[in-house]
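Protein chains: 2
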Amino acid sequence: GAAPAPPRGRRLSGAGGRAMEELATEQEAEESHRQDSVSLLTFILLLTLTILTIWLFKHRRVRFLHETGLAMIYGLIVGVILRYGTPSTSGHDKPFSCSQEDRPFTTLLVNVSGKFFEYTLKGEISPGKIHNVEQNDMLRKVTFDPEVFFNILLPPIIFHAGYSLKKRHFFRNLGSILAYAFLGTAVSCFIIGNLMYGVVKLMKLVGQLSGKFYYTDCLLFGAIISATDPVTVLAIFNELHADVDLYALLFGESVLNDAVAIVLSSSIVAYQPTGENTHAFDAAAFFKSVGVFLGIFSGSFMMGAVTGVVTALISFFFTKLHCFPLLETALFFLMSWSTFLLAEACGFTGVVAVLFCGITQAHYTYNNLSVESRSRTKQLFEVLHFLAENFIFSYMGLALFTFQKHIFSPVFIIGAFVAIFLGRAAHIYPLSFLLNLGRRHKISWNFQHMMMFSGLRGAMAFALAIRDTATYSHQMMFSTTLLIVFFTVWIVGGGTTPMLSWLNIRVGVDPDQDPPPTNDNSERRNRTKQESAWLFRLWYSFDHNYLKPILTHSGPPLTTTLPSWCGLVAHCLTSPQVYDNQEQLREEDSDFILNDGDLTVTYGDTTITANGSSGPHTATTSLDGRRTKSNSEEALERDLGAADHEVTSRGTRLVFPLEDNLMCLSGFTKV
Amino acid sequence: GAAPAPPRGRRLSGAGGRAMEELATEQEAEESHRQDSVSLLTFILLLTLTILTIWLFKHRRVRFLHETGLAMIYGLIVGVILRYGTPSTSGHDKPFSCSQEDRPFTTLLVNVSGKFFEYTLKGEISPGKIHNVEQNDMLRKVTFDPEVFFNILLPPIIFHAGYSLKKRHFFRNLGSILAYAFLGTAVSCFIIGNLMYGVVKLMKLVGQLSGKFYYTDCLLFGAIISATDPVTVLAIFNELHADVDLYALLFGESVLNDAVAIVLSSSIVAYQPTGENTHAFDAAAFFKSVGVFLGIFSGSFMMGAVTGVVTALISFFFTKLHCFPLLETALFFLMSWSTFLLAEACGFTGVVAVLFCGITQAHYTYNNLSVESRSRTKQLFEVLHFLAENFIFSYMGLALFTFQKHIFSPVFIIGAFVAIFLGRAAHIYPLSFLLNLGRRHKISWNFQHMMMFSGLRGAMAFALAIRDTATYSHQMMFSTTLLIVFFTVWIVGGGTTPMLSWLNIRVGVDPDQDPPPTNDNSERRNRTKQESAWLFRLWYSFDHNYLKPILTHSGPPLTTTLPSWCGLVAHCLTSPQVYDNQEQLREEDSDFILNDGDLTVTYGDTTITANGSSGPHTATTSLDGRRTKSNSEEALERDLGAADHEVTSRGTRLVFPLEDNLMCLSGFTKV
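As they're listed, the protein sequences go chains A and B. With full-length UniProt numbering, letter number 439 in the first sequence gets 439, and the count goes up by one each step, no holes. With full-length UniProt numbering, letter number 142 in the second sequence gets 142, and the count goes up by one each step, no holes.
The list treats identical chains as interchangeable, and a pair is accepted whether it falls inside one copy or across any two copies.
Pairs of lysine-lysine residues, derived as DSSO-like cross-links and limited to a Cα-Cα distance of at most 30 Å, are as follows:
{"#": "1", "residue 1": "LYS378", "residue 2": "LYS166"}
{"#": "2", "residue 1": "LYS378", "residue 2": "LYS58"}
{"#": "3", "residue 1": "LYS405", "residue 2": "LYS201"}
Honestly, the hints are just simulated from the structure, not real lab data.
Isolated chain A (complex conformation) (with noise of 0.2 Å):
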């Protein structure tokens, strides 16, 4: 959870007697959680800034700096403070050489005197740095552990991103999404890292390399710097309502393409060539790579999806937990939380994982949920998330000064950010055009440039690049990533309210609201549709028909749609609410999760148009938007182009997208 990271130092708990000398190791060690608490309060004044600071700006509706930009800049203010302003205590002893076996123990015992003391390993440190690393013990305060990072600040930001998915629009241009996230994370990190390893080797023959730095190293700076993190674009769009299919593009791809990141950067450090020559490429341990990947990321995939739907059977049957919010909450923390431990315990990613689970639960869960707890887990998350993103934004703003191990080269980061321009723009622009062919609706220029621009690096980048500093050309790329962060989320956060106006995309969009029909060959468009979605739609309708019906306490009961001869079971499995609650649970969650019913004629991809609607249509829109009520399925065969063309209302309320709807109806009239 958002979880607040507890004081890396500890009180000693071995004073035996009374000696003098452990009453001094004793003072120590009491200073030292001193120190723990005033560089966990600095973290805390400065959120408390941030939040004050937030809330000015909200107020006086400044938009040129979001939240995230602010809380580098006072962890940057803060970072100068005590990088300059505290005295330089050089607590560090001398090191410590006695010989040891080959490699070093994870734990030591170490006899001082007659008493073992019990070490554990930190890491290791290069001998150059053995003096001038840590003479300041408040700088060395504020350095956490990397891992508190991936494991305690980023779940929560990446739980709370699936479970507030606006599926509607997510799922109307999954096919884009996916293709952005794999494709083209995959695209830019090897672009990247190919124009890196470029850039490496000129500083080479220009002289300015004074470590080791491998083709797989500028390969995992591919994978950490494509991980984009648009939170201040998206912000910006929800306060302006811009268009939802942009928006829809720009979250989707941002929140898979951190998975994709996180996964691709395990299997780059997987890929272990074999014998001496590391430079080579090596065909067995790349498709080793590969494999690693798809299994990492099916994985931590399944070990989401089977928690969330664990979860969803738990409060399924545990109906009169309704009655208990708190213990409904709790649990569905805990199951949240478990996935991400289950995913690391197995090996997987728990970042992914969570992040499937975050979407299961949203799909399943928060139907069975108490309205109570609805509300509850979502505030929950929404806190977490709010603190753990703050937290590391101002964290970020703080390691620019206070991390002792920058390495800063002109050269590398003058390539690196001609590199992700080049890397953005090669997979935005091809990819967009590969998508178009197929798409029924063109994602127009001005798209593709705003997605070009919102190609922002946040906290991924730097939980990935914070992730490993150990060695030279690790520690030039998280001070790289570092530089690249704060660029673009100054830059590009300040520059997005113009870009908007001056792509002429339009703002004010109820997202409620489809966008606006075009003219186009219905018969070609069902044609597509029917040839590129039948796996989605078989998936749609299995989930509809069956797994919502198992799982939740809504769609429809599977009495109507299991064969009749499966009629005992059937009965045994619907809850005696869905036929009650139906009608009911659609109406109240329309807003945070959407209808199935609008998957199912919206599955393909839809047009997305940047300049607004053109007359006659839109008119009609409020009128017909939300009249018909239909059985999902017949829903889709109908809108499939189907033979049946009565309107059936068997209790499902479907909110039919406006144009879908009306093609289908000229359709039929052309027939």
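For chain A, the structure is supplied; the task is to place chain B on it using the hints.
Same frame as chain A, now just chain B:
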């Protein structure tokens, strides 16, 4: 926060080259990280299981076992499995016998074949334990750093206690609660300490003692075990709506004696007799300890109160924060947490500071929050409290089998049980006798018996005991504390319902209704009140007339309470909302935070009667209880027998406690 404790292990970040030995280290670290996840997962699953069983129990109205008792049982079972079911992987390295300087460093640089590795000090290990400690990796992993309990898990529990304090009944019995908490805990601590010193001497005679056990250790044990935690009893009281004053006495005592016990144990640790003979009584050191006690307690109290007031001021001035409940909640959370850190940073006790912070927040800040934030903050801390509490109790169950340094000494354990029984008896009965001399309405015998019976030991005793388990005496104290917690939680928890009926304590009381009146001499009563309560009265009117209007949007406008020549200042300091919202706010928060009005007329100690009321007045209650409106100060005056009999309505709605109301009227009639 209740804050997931982070996995204690970490991946190594020092993988410089690609040498095989480092790969091995990395794999080992990976393995360690995996085990960390598994161990945390164990706890999560334990909590999940507990929640599901609690649900079952609540559903079936099972009262003989409370959730905390249940969490302990599950913990025990898993502890047995971990202990006897997992293979003993002897992963401990041989002691590393380099002679270091005179005292151990907190960090250590070790030169391993040319590379430098950093190690951090974990603690001392007694030489005899080197070979049987930590053979089992899994057992080691489920053993948390004791500081986790103090710094992560206790604060939300204690804060929640302060924040959800039912103020009316608490303040009504304030004098008695303070007496029980301060005098009672001190008496209990010294009696238990001395009795245990006798037991220890006996053990030494019989030859049962194989290590050192000083007098200060005995006193420390007294302090540790004096913190009562009747969470089970109070949960049952809540469910059965048992007598509210008994509830207030037990709850108030347990909350405050936790604080007293923490500070007491710190002071005892600070008791360091000068010279060699640590057994002798040293007056200087004793007074130093008393000074430390007073200093830490008042410092922590101030710290908590000040942060509460600062938060109130922030929420007072940033009124527009109302529009952003997320920001408001986050701010509230951060400020409350910063109290803890600030106190720790200043060398005070964070847990105590957080308690008083919670009380202040509930008194002032709560009034300034938006309606949504009120429920958000309440729910957030409720969840954190619930998770933290159940985590501690499952950990206790687990610790009985997984803690590796248990020393169970039958004589000591039996002695401790006798001592805590005598210690509780020696403070409940004499103190109640003394209090009854001053109280108008006596604490009846069955209430005293119930309080005696409810002396459970819980999370606080455990956290204090596990804090230091380095020496022989501390290990024995820890094991004994664990057994006492088990015994009291199970026996007392199961016996509460029978005990209530056996002692004829009335249940089914409406908490908003006041205890039935008894016939008493009102003049004597008024005199007693005036004598004993002038300090409280002074504070109350100051708080009501000046602090509340300055810090919150409730209370009377300053323009009416300040002298007329302060008109301008008063007008500036008074929030315009005060005039508008006064009435409304009173209505809203009457359930959670009780009206000030209630305090005014019920500040004295009121009768606690056990056997229901006697006739005629009861019927009047519902009719007259809530009818009169009055400015609270006037009400106070009137209640104190002042001349002015008018009942004016100036906007402050008073819920008159029936008894005082009726008695006053009858008193006036007599005069």
